[in-house]
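Chains as they are written, first to last, in the numbering used here: chain A, 1 to 518; chain B, 519 to 882.
Quick caveat, the hints were computed from the structure, so don't treat them as lab data.
This one's a predicted model, so the numbers in the text were calculated from it and none came from an experiment.
All C-beta atoms in this analysis are idealised placements derived from N, C-alpha and C, irrespective of residue type, glycine included.
Within a straight-line C-alpha distance of at most 25 Å, the following computed DSS-like cross-link-like pairs (lysine-lysine) qualify:
1) B:Lys787 with A:Lys425
2) A:Lys402 with B:Lys768
3) B:Lys738 with A:Lys389
4) A:Lys400 with B:Lys787
5) B:Lys738 with A:Lys400
6) A:Lys402 with B:Lys787
7) B:Lys775 with A:Lys455
8) B:Lys674 with A:Lys97
9) A:Lys246 with A:Lys207
10) B:Lys787 with A:Lys389
11) B:Lys524 with A:Lys97
12) A:Lys455 with B:Lys768
13) B:Lys768 with A:Lys472
14) A:Lys146 with A:Lys246
Derived, one-sided and incomplete: chain A residues facing chain B with beta-carbon distance under 10 Å:
15) Ala92
16) Ala95
17) Lys97
18) His121
19) Phe123
20) Val129
21) Asp312
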Amino acid sequence: MGTYRIGIDVGGTHTDAVILDENNQVISETKSSTTVDVATGIYNAMHKVIASADVPREEIHYAMLGTTHCTNAIVERKGLNEIAVIRIGAPATLAVKPLTGVQDELREALGNYVYLVRGGHEFDGREIVSLDEEHLYQIANEIKGKVDSVAITSVFSPVSREHEERARKICTEILGDEISISLSSEIGSVGLLERENATILNASVIKVAKTAADGFVQALKNEGIHAKVFFGQNDGTLMSVEYAMKYPIFTIACGPTNSLRGASYLSDLTDAIVVDVGGTTSDVGILVNSFPRESSLAVEIGGARTNFRMPDLVSIGLGGGTIVRIEENGEFTIGPDSVGYRLPEEAMIFGGDTLTTTDVAVALGKVELGDQSNVAHLDKELLQRVYNKMVEMVEEAIDKVKVSANPMPVILVGGGSVLFPTELKGASGVFRPENSGVANAIGSAISQVSGQIEKIYLIDEIGRENALQAAKQEAMDEAINAGANKESLIIVDIEDVPLAYLPGNATRVRVKAAGELV
Amino acid sequence: MRIIGKQEIEDIAVGAALLGTGGGGDPYIGKLMALQAIEEFGPVTVLDPDEVPDDALVVPSSMMGAPTVLLEKIPSGEEAIEAFLKLEEYLGEKVYATFPIEAGGLNSMLPFALAARLGLPVVDADGMGRAFPELQMVTFYLDGISATPAVIADEKGNTALLSTIDNVWTERIARAATIQMGGSVMNAMYSMRGKNLKESGIPHILRLEEEIGKAIRLAKVNNVNAIHEVLKTVGGFELFQGKVTDINRKTEKGFAKGVATFEGINEYKDETLELRFQNEHLLAQTDKQLLCVTPDLIAVLDSETGIPITTEGIRYGSRCVVIGIPSHPKWRTEKGLETVGPRYFGYDVDYIPVEELANKGGAK
Numbered sequence: 001m002g003t004y005r006i007g008i009d010v011g012g013t014h015t016d017a018v019i020l021d022e023n024n025q026v027i028s029e030t031k032s033s034t035t036v037d038v039a040t041g042i043y044n045a046m047h048k049v050i051a052s053a054d055v056p057r058e059e060i061h062y063a064m065l066g067t068t069h070c071t072n073a074i075v076e077r078k079g080l081n082e083i084a085v086i087r088i089g090a091p092a093t094l095a096v097k098p099l100t101g102v103q104d105e106l107r108e109a110l111g112n113y114v115y116l117v118r119g120g121h122e123f124d125g126r127e128i129v130s131l132d133e134e135h136l137y138q139i140a141n142e143i144k145g146k147v148d149s150v151a152i153t154s155v156f157s158p159v160s161r162e163h164e165e166r167a168r169k170i171c172t173e174i175l176g177d178e179i180s181i182s183l184s185s186e187i188g189s190v191g192l193l194e195r196e197n198a199t200i201l202n203a204s205v206i207k208v209a210k211t212a213a214d215g216f217v218q219a220l221k222n223e224g225i226h227a228k229v230f231f232g233q234n235d236g237t238l239m240s241v242e243y244a245m246k247y248p249i250f251t252i253a254c255g256p257t258n259s260l261r262g263a264s265y266l267s268d269l270t271d272a273i274v275v276d277v278g279g280t281t282s283d284v285g286i287l288v289n290s291f292p293r294e295s296s297l298a299v300e301i302g303g304a305r306t307n308f309r310m311p312d313l314v315s316i317g318l319g320g321g322t323i324v325r326i327e328e329n330g331e332f333t334i335g336p337d338s339v340g341y342r343l344p345e346e347a348m349i350f351g352g353d354t355l356t357t358t359d360v361a362v363a364l365g366k367v368e369l370g371d372q373s374n375v376a377h378l379d380k381e382l383l384q385r386v387y388n389k390m391v392e393m394v395e396e397a398i399d400k401v402k403v404s405a406n407p408m409p410v411i412l413v414g415g416g417s418v419l420f421p422t423e424l425k426g427a428s429g430v431f432r433p434e435n436s437g438v439a440n441a442i443g444s445a446i447s448q449v450s451g452q453i454e455k456i457y458l459i460d461e462i463g464r465e466n467a468l469q470a471a472k473q474e475a476m477d478e479a480i481n482a483g484a485n486k487e488s489l490i491i492v493d494i495e496d497v498p499l500a501y502l503p504g505n506a507t508r509v510r511v512k513a514a515g516e517l518v
Numbered sequence: 519m520r521i522i523g524k525q526e527i528e529d530i531a532v533g534a535a536l537l538g539t540g541g542g543g544d545p546y547i548g549k550l551m552a553l554q555a556i557e558e559f560g561p562v563t564v565l566d567p568d569e570v571p572d573d574a575l576v577v578p579s580s581m582m583g584a585p586t587v588l589l590e591k592i593p594s595g596e597e598a599i600e601a602f603l604k605l606e607e608y609l610g611e612k613v614y615a616t617f618p619i620e621a622g623g624l625n626s627m628l629p630f631a632l633a634a635r636l637g638l639p640v641v642d643a644d645g646m647g648r649a650f651p652e653l654q655m656v657t658f659y660l661d662g663i664s665a666t667p668a669v670i671a672d673e674k675g676n677t678a679l680l681s682t683i684d685n686v687w688t689e690r691i692a693r694a695a696t697i698q699m700g701g702s703v704m705n706a707m708y709s710m711r712g713k714n715l716k717e718s719g720i721p722h723i724l725r726l727e728e729e730i731g732k733a734i735r736l737a738k739v740n741n742v743n744a745i746h747e748v749l750k751t752v753g754g755f756e757l758f759q760g761k762v763t764d765i766n767r768k769t770e771k772g773f774a775k776g777v778a779t780f781e782g783i784n785e786y787k788d789e790t791l792e793l794r795f796q797n798e799h800l801l802a803q804t805d806k807q808l809l810c811v812t813p814d815l816i817a818v819l820d821s822e823t824g825i826p827i828t829t830e831g832i833r834y835g836s837r838c839v840v841i842g843i844p845s846h847p848k849w850r851t852e853k854g855l856e857t858v859g860p861r862y863f864g865y866d867v868d869y870i871p872v873e874e875l876a877n878k879g880g881a882k
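Work out the full structure, taking the sequences as your base and the hints as a guide.
Here's what the structure looks like:
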């Protein structure tokens, strides 16, 4: 009996699906339009890919979903949970209240129950003041029946999560198990406001994530498939449904990450630049040891500064559907707008009347697609200049993500990747592997499970080796909790950064471990 | 006299981060503190130094400690008030106005947060015209003004009143106390008279910061080159355009020291820039020659937006323009160079003004 897996990736324009066999070979692949409700698009893609794959349904054991549900909910402020925000840190932190600096609209949606409680820790693990448990009980009673999710952030919880844990116990005691509680120490790193925002966003999309998960499981059942379900997360690994319900924020930006992982798998390259050409934009990222390099800067999501791990990407407004405008004087502009999923109707090669980047490539004979005669009348010399500019845009984005001027392999993936040549400046070689159009869905399907921690250690006290060892062990424990097989665990990333103006050589250590599914 | 509202705060924060030459902490949190205080207590009045009476008591408001700690353990807003009240009690006199001790991301904003709360004006002057890492590195020190009596305060309500034999001792004792108090404290030190501030301070720093911030903001709106606008505003020199290819950091005696290497792009292709920093950027040189050295200012700007990048924010692959700005003449004196010149920071080079280096073809 075989073991198959289904991988689905929801993008802005397309929802892609693949079925892989136990050797991760692609059995079938499909692309459908992403629908407004997301779920219908997933169902359509799933239905198509299963129908076209000739495999017994009971042999599909795993199903992986990379989805934009949570991102959309935050950006559109739709379907968000009613949440309570509890910050433990008074008398410190009062000078900047929770949700300060986030967009007004988001503040209004999420800021109805905001509390500041006495407690929190110093950088070295001492208490600032003892935790005001009485106040926490009072808050829990006050919000009972009014909120369905709670975000708790305590000062220096990456160093000591004691007060957050205690606050969770009190909330659960009063509110019951069905109210989900997000702790900042499980979500972000040092930097109170950014971690707090990430925790607030996490708490706000729990309902959305649950609906997405239930919908996915139900859709699988409707197809007669009883598979173990996983969600793609933005570090290029998977999490179980249970884990995803606790940390839905980690699904944000899993799409580009899946493309990077899929590109690595398809090309067999571990260190390379990946250009994922979509309909509207292209994302350029960089693979280090087969995983996307993470951004070390604060990332804005829906107008809130956050600091949880995100892939480091350069995005440009250039995709297969990007609109090209030619002026009378021979000048031209490329995008940033795009016909997006309407490419099959609006592009000239398909009988439409909008000149797109795809039309340019077809007219110049770079790609065979649609009806070339529709664009045969256009000025070739001018189009060549447009094409050169398109290539230049991609080359510049490639250069931006690089760590050095040394040429690196470049992998082209995504639906629009056929537009680009196999020689690019700064590339030691350009690869466009088979199935690269659905690299994201493949990336979703082949992902491993991971765990990550970030902590401050006093190196002078415990020594660097011991600190790293402790951090590695914690990261591996996290991965096992998320569903990884203990035997297959490897450490994929270690970073230690000394902190200024602190004694004892205080150092922030971040470690990530990943392994195969149990 | 003028009134400072929210837009001015936004602009000043960006300009201060630039003059902070990579140090002085992330301006974001300081800006939010100032904005919240203005929202709660109303806008702040800024005085020209000439508008301050000679005998008025003026005290800068600043923080000491690790910016990383402050980003996590945000202040309560009460510490600075507590420090001021304790100092007033000791001196038996009310403070007339406050002002920034330095141009830096955090410390340029804290006086506004305090001033809004206490209803004090802020004087448009500081003690560095840039940012430096140690307490004695202020122009006031050059003129023999004592940092103490000084009060440092934490959010728990602890205060320490310091009286020291010199400002280097203030630095030592205050830093040790800061660690015990949780790694980040608010200060009321370098209290002085209006006359002292006029003579020893660096005037119109806030106006310059605001102009820089505005230039960067409007460059984006008007789609013009932000770097050019900044250079015009500050009278600076472009030193290099490059991409960060290596960054090496270590902590020594509590300071983040390091070297960033930039590989040239555009007209700097095939050149390499080495940038040395200790919290602030202190020395920039290529394999051929020195381009700029402390106390002249070195700022690293994002090549597209012109937004200044802190030493902690420098990372592999960032594309930057490095610029040099002449420091205030007070720093170019013998005592000034003794206090903050290259040799104080352990660099074995002589100070040469950035404009002279530029004439030798070092900068453009």
